[in-house]
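Undergrad: So you can see what is in the structure, the chains are spelled out below.
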Amino acid sequence: MTPTSNVSLRAVAVRRTGSLVLRNVDLDIGPGTAVAVFGPNGSGKTTLLRVLATLLRPSQGHGEVLGATLGTAAVEGVRRRIGLVGHEPALYPNLTLGENLELAATLLGGAGRAAAADVLDRVGLAAAADRRASRSSNGMRRRVEFARMMLIRPDLLLLDEAHVGLDPAAWRLVGHLVDDVTARNGSALIVAHEQDRVRPLVTRAVELVDGTVREVVA
Amino acid sequence: MSLPRQVSALMRFELRDELRAGEVGLIVLPFAAVALLIIPMAVGIDTPLLARIGPGIYWSIVLLFGIVVTQRQSAVANPAARDMLRLLAVDPAARFAASALASTMLLLAFEIAAGGITLLLYDPTLQSWWWLVVLLPLTAAGLAMIGTIAGNIASGLETRSSLVPLMVAPVAVPVLLGAAQATEGLRVGSGILRWVLLLAIVDTVLAVAGVLTARPLEESAS
Chain A
1 MTPTSNVSLR AVAVRRTGSL VLRNVDLDIG PGTAVAVFGP NGSGKTTLLR VLATLLRPSQ
61 GHGEVLGATL GTAAVEGVRR RIGLVGHEPA LYPNLTLGEN LELAATLLGG AGRAAAADVL
121 DRVGLAAAAD RRASRSSNGM RRRVEFARMM LIRPDLLLLD EAHVGLDPAA WRLVGHLVDD
181 VTARNGSALI VAHEQDRVRP LVTRAVELVD GTVREVVA
Chain B
219 MSLPRQVSAL MRFELRDELR AGEVGLIVLP FAAVALLIIP MAVGIDTPLL ARIGPGIYWS
279 IVLLFGIVVT QRQSAVANPA ARDMLRLLAV DPAARFAASA LASTMLLLAF EIAAGGITLL
339 LYDPTLQSWW WLVVLLPLTA AGLAMIGTIA GNIASGLETR SSLVPLMVAP VAVPVLLGAA
399 QATEGLRVGS GILRWVLLLA IVDTVLAVAG VLTARPLEES AS
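Those sequence lines, one after another, are chains A and B.
One point on numbering: in this note's numbering, the residue at position 111 of the first sequence is 111, and numbering is uninterrupted.
One point on numbering: in this note's numbering, the residue at position 172 of the second sequence is 390, and numbering is uninterrupted.
Okay, chain A solo, but in the shape it has when bound:
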């Protein structure tokens, strides 16, 4: 890993149920950098994000995330510095939006209810705090995920098509999150299909094709 990288992958491969999902992936992401990851369905984008989130061990190769070597116990020390917004909202369906955030804030060791109320307000959901997650729209659930990122303030922000179906105001929240992370010398990775929409948010773009990463020239 270069000393200035938040993410460094060298010849990383991931094998799932017998077949290679990622193969020979080399990727460096420096501080203050936001990278877009494009690629067709099934090209391994989500797998790449799960590897970077330390949730999936590489089958081969070497990788470091925020200074921790992937596949070692050291990743547990950096997990709290990683924020992941995936395809599916990570919410307890029968808890309210406020309670879902309160749980995260409590587990982060903060003032649960007050912190939850603060970030809910910042994502424009103060009035919907008592609404159950299962009875909220997809856009509202996404905003709650963004609010959780505001609680975590990650050094590595990973967004897996998190912007799908968002209204313009919610889309601006994505921009604010990315700006906040990069301003603190963190890094952001945004998996997306809509290149035109994501390009303004990032400094670099790569494409995943058949499990390998290629740099995209603007």
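FYI, nobody ran anything at the bench for these hints, they're computed from the structure.
Beta carbons: idealized from backbone N, C-alpha and C, even for Gly.
One thing to keep in mind: the hints can contain errors.
Claimed, not checked - Stretch by stretch, here's where chain A covers chain B in the computed footprint (C-beta under 8 Å, at least three residues): (1) 224-231; (2) 296-302; (3) 306-318; (4) 408-415.
What the hints assert, rightly or not - Under 10 Å between C-beta atoms, here's a sample of chain A residues computed to sit facing chain B: (5) ASP26; (6) GLY83; (7) ARG153.
Got chain A sorted already, so can you dock chain B onto it with the hints?
TA: Same frame as chain A, now just chain B:
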């Protein structure tokens, strides 16, 4: 954040989620009541026979429906929520303990409610009822921990829903045996201490196994 605080927070929110969903109270318990009702309907009005078989039927129902309680939606976090807890650096042992404790409380409530129905339908006579204060929580804790460990093992598998009951049933035999034999001892007035000890030992082994396997199971589930 300390492990006890993680356990406390997770258990509190898991129980709240379950109370809102009402899966145990509105679905599992009514079906268990129907199952308890079917046997007297088949046997007929043979009061001595019903009183004799009542405790055995009760514990069988507790085992069968207890598995469902331990695998309720609020205990089986969706993959995204599971990832979130991992990234929030929640200790896997805390997750195990919280889930097992929440299941224990729900199973205890289920045992008490199903026990009331058993009393009404079977009218069993026990020499001492006080032992139930020990027996019911020990059995609930044992089943809860078995269900939680089995759920962790099957986590992420497509065959989870069919695999978990198949794993739980044989492992739960010592718990069911201890509970049923202790209740039989209470019915005929013989000593039950060895059966209570069996339950306590099984619970202790399960607690140690659950804590020790929590992390490797969580890491392997990804």
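Undergrad: So, against the hints stated earlier in the document, which numbers end up violated here?
TA: Violated: hints 4, 5, 7.
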